[in-house]
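Protein chains: 2
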Amino acid sequence: MKEEIVSKVLEGDSRAIARMITLVENHSKEASSLMKEIHRYTGSAHIIGVTGVMGSGKSTLIAELTRLYRKNGKKVGIIAIDPTSPFSGGALLGDRVRMTELILDKEVFIRSMGTRGMLGGLAGAVYDVVEILDASGKDVILVETVGVGQAEVDIIKIADTTVVVIVPGLGDSVQTMKAGVMEIADIYVVNKADHPGIDQTVMEIENLVELSSNPNTPIIKTIAKTGEGVSDLLEAISQHQKYLETEGELEEKRKIRYEAELIEIIRNHLLDMIYDESIVKQRIDTIVDRILSKETDPYTAAEEILGRILK
Amino acid sequence: MKEEIVSKVLEGDSRAIARMITLVENHSKEASSLMKEIHRYTGSAHIIGVTGVMGSGKSTLIAELTRLYRKNGKKVGIIAIDPTSPFSGGALLGDRVRMTELILDKEVFIRSMGTRGMLGGLAGAVYDVVEILDASGKDVILVETVGVGQAEVDIIKIADTTVVVIVPGLGDSVQTMKAGVMEIADIYVVNKADHPGIDQTVMEIENLVELSSNPNTPIIKTIAKTGEGVSDLLEAISQHQKYLETEGELEEKRKIRYEAELIEIIRNHLLDMIYDESIVKQRIDTIVDRILSKETDPYTAAEEILGRILK
Chain A
22 MKEEIVSKVL EGDSRAIARM ITLVENHSKE ASSLMKEIHR YTGSAHIIGV TGVMGSGKST
82 LIAELTRLYR KNGKKVGIIA IDPTSPFSGG ALLGDRVRMT ELILDKEVFI RSMGTRGMLG
142 GLAGAVYDVV EILDASGKDV ILVETVGVGQ AEVDIIKIAD TTVVVIVPGL GDSVQTMKAG
202 VMEIADIYVV NKADHPGIDQ TVMEIENLVE LSSNPNTPII KTIAKTGEGV SDLLEAISQH
262 QKYLETEGEL EEKRKIRYEA ELIEIIRNHL LDMIYDESIV KQRIDTIVDR ILSKETDPYT
322 AAEEILGRIL K
Chain B
22 MKEEIVSKVL EGDSRAIARM ITLVENHSKE ASSLMKEIHR YTGSAHIIGV TGVMGSGKST
82 LIAELTRLYR KNGKKVGIIA IDPTSPFSGG ALLGDRVRMT ELILDKEVFI RSMGTRGMLG
142 GLAGAVYDVV EILDASGKDV ILVETVGVGQ AEVDIIKIAD TTVVVIVPGL GDSVQTMKAG
202 VMEIADIYVV NKADHPGIDQ TVMEIENLVE LSSNPNTPII KTIAKTGEGV SDLLEAISQH
262 QKYLETEGEL EEKRKIRYEA ELIEIIRNHL LDMIYDESIV KQRIDTIVDR ILSKETDPYT
322 AAEEILGRIL K
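Top line first, the protein sequences correspond to chains A and B.
Residue numbering for the first sequence follows this note's numbering, beginning at 22 and increasing consecutively.
Residue numbering for the second sequence follows this note's numbering, beginning at 22 and increasing consecutively.
Put simply, identical chains are the same to the list, so a pair is met inside one copy or across any two.
Straight line, CA to CA, 20 angstroms or less: simulated SDA-like cross-link-like pairs of lysine to any residue:
hint: 1; residue 1: Lys57; residue 2: Ala281
hint: 2; residue 1: Lys315; residue 2: Ile59
hint: 3; residue 1: Lys57; residue 2: Ile305
hint: 4; residue 1: Lys276; residue 2: Asp297
hint: 5; residue 1: Lys274; residue 2: Lys315
hint: 6; residue 1: Lys332; residue 2: Leu292
hint: 7; residue 1: Lys276; residue 2: Thr307
Treat the hints as calculated values from the structure; they're not laboratory data.
Start from the sequences, fold in the hints, and give me the full structure.
This is the structure in structure tokens:
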């Protein structure tokens with residue numbers, strides 16, 4: 022059965038991909054042996070992170086990008102980490118129509134991932150899904166995240182190319198960039214380029230880019246709804262990919278991803294152990310009761326638990 | 022020296038508080054023994070999470086809330102986890118003036134925390150800062166976070182009372198709530214109540230609240246800039262606090278926090294170990310090179326590392 026799933030995943034069978042992802046997300050017993058099997062088949066997909074605040078139109082942009090990639094014969098994987106993304110079912114009617122074409126395409130695999138209630142954090146599962154889609158023969162994997170915060174910082178560790186989507190008029194956008202997103206962008210997209218305020222937004226970004234550590238970062242204007250400018254974006258992504266390959270930067274990016282992935286796997290495994298009663302001997306809730314009653318404190322309790330599991 | 026810091030923190034000395042936070046953030050050697058010392062003095066502060074998208078005016082709301090608490094003689098701690106918060110120095114001039122009063126007040130302690138480059142994630146450090154401010158005698162601790170995502174989900178684990186700030190006209194807000202923030206709110210605030218669209222926004226939230234697992238969640242209208250409605254919010258917070266205390270829910274909330282804190286401490290400690298060469302014997306980057314060359318895979322490598330550190 023294990024061999025069957027793996028060989029079907031390698032063939033790009035969508036049902037097998039979905040099944041393997043579910044096994045991995047559920048921390049099933051087979052998951053890690055399946056993941057071990059597929060690693061040798063990975064490494065050829067280009068991983069593109071797309072980040073931006075809600076309402077910036079990044080889902081529509083991803084849909085249009087996917088359409089273009091498909092025209093060029095590329096196979097596409099989409100991972101939506103935005104809970105309000107149309108890919109996550111939070112779509113308005115217009116978006117749903119737009120997405121239907123992609124959903125019906127066998128060479129497009131779409132997976133939405135929630136951020137709630139994931140014991141080991143989101144990142145671990147995303148690394149796994151990226152590896153699975155890569156092994157399944159997808160040429161391009163688009164990872165969509167929302168807003169500012171840890172997820173946006175983590176995306177650089179997963180993506181080869183990071184696209185930051187800005188919309189004119191949201192004065193916050195530029196402030197956000199200053200605060201942290203600034204340094205992660207390989208490409209800026211100013212979407213909704215038909216809206217007023219476009220010129221000022223582009224100018225603000227140009228000024229920030231000039232002062233940044235990478236003053237050559239391209240700024241692309243798009244109108245995702247009509248598809249305008251999306252081919253320029255595709256071109257910029259492919260230029261960045263070439264740059265990564267010729268400068269040996271791709272290897273660096275991949276090393277960062279593998280290190281982050283390795284650490285995530287270790288953390289999740291250790292977390293499982295801590296919750297495993299037979300190992301920790303005392304139920305976590307009993308320990309928490311002792312912290313609450315001030316009989317012990319979180320740091321002392323942590324040392325006790327560590328003492329039981331570590332060499 | 023250790024006794025001196027602890028006793029000064031317990032007296033509420035702002036410089037000692039700041040120094041202890043820095044020691045803890047830097048993972049210094051003394052940090053855990055200092056944290057062990059203060060745990061017994063914690064538990065009396067009321068911890069209030071305030072979350073909402075950028076531009077929702079939550080910093081102004083926090084400033085106004087703090088002003089009211091100070092009028093009532095309460096000591097206040099503010100932890101800003103939003104990188105674009107005026108408390109983090111990302112302020113416009115108007116905000117800065119508003120904040121100055123608070124900054125000059127010795128009984129108000131403000132700390133801004135970044136989300137970038139924190140090895141162990143943000144949450145661990147926030148738990149520590151909450152414990153320190155609690156031990157220092159603050160009656161109220163306000164924790165500010167932005168947007169949707171993991172940080173917003175985590176805030177329920179830290180806060181006794183979670184306030185979700187919405188603004189009219191941002192159509193996204195209600196969609197966001199549906200997607201996840203919905204279930205975390207103990208109180209809704211519709212801020213900028215002088216803006217058009219206020220009635221519709223309130224109605225949308227009322228509809229969602231009615232269908233939720235907690236149909237009695239209060240919805241408060243405020244105009245943070247003028248202070249209007251902020252005393253209603255304070256009243257709603259204090260009602261919620263009373264409810265928690267009489268229903269035994271406060272203990273439940275604290276247990277959730279201590280468990281999350283315990284797990285964070287354990288995870289961070291283990292992470293430090295993994296990066297400690299003398300324990301893992303082989304440098305992480307050598308292992309990553311082997312993953313890159315497909316000589317091994319992340320799951321097998323993780324098992325090898327775990328085998329070396331675990332009993």
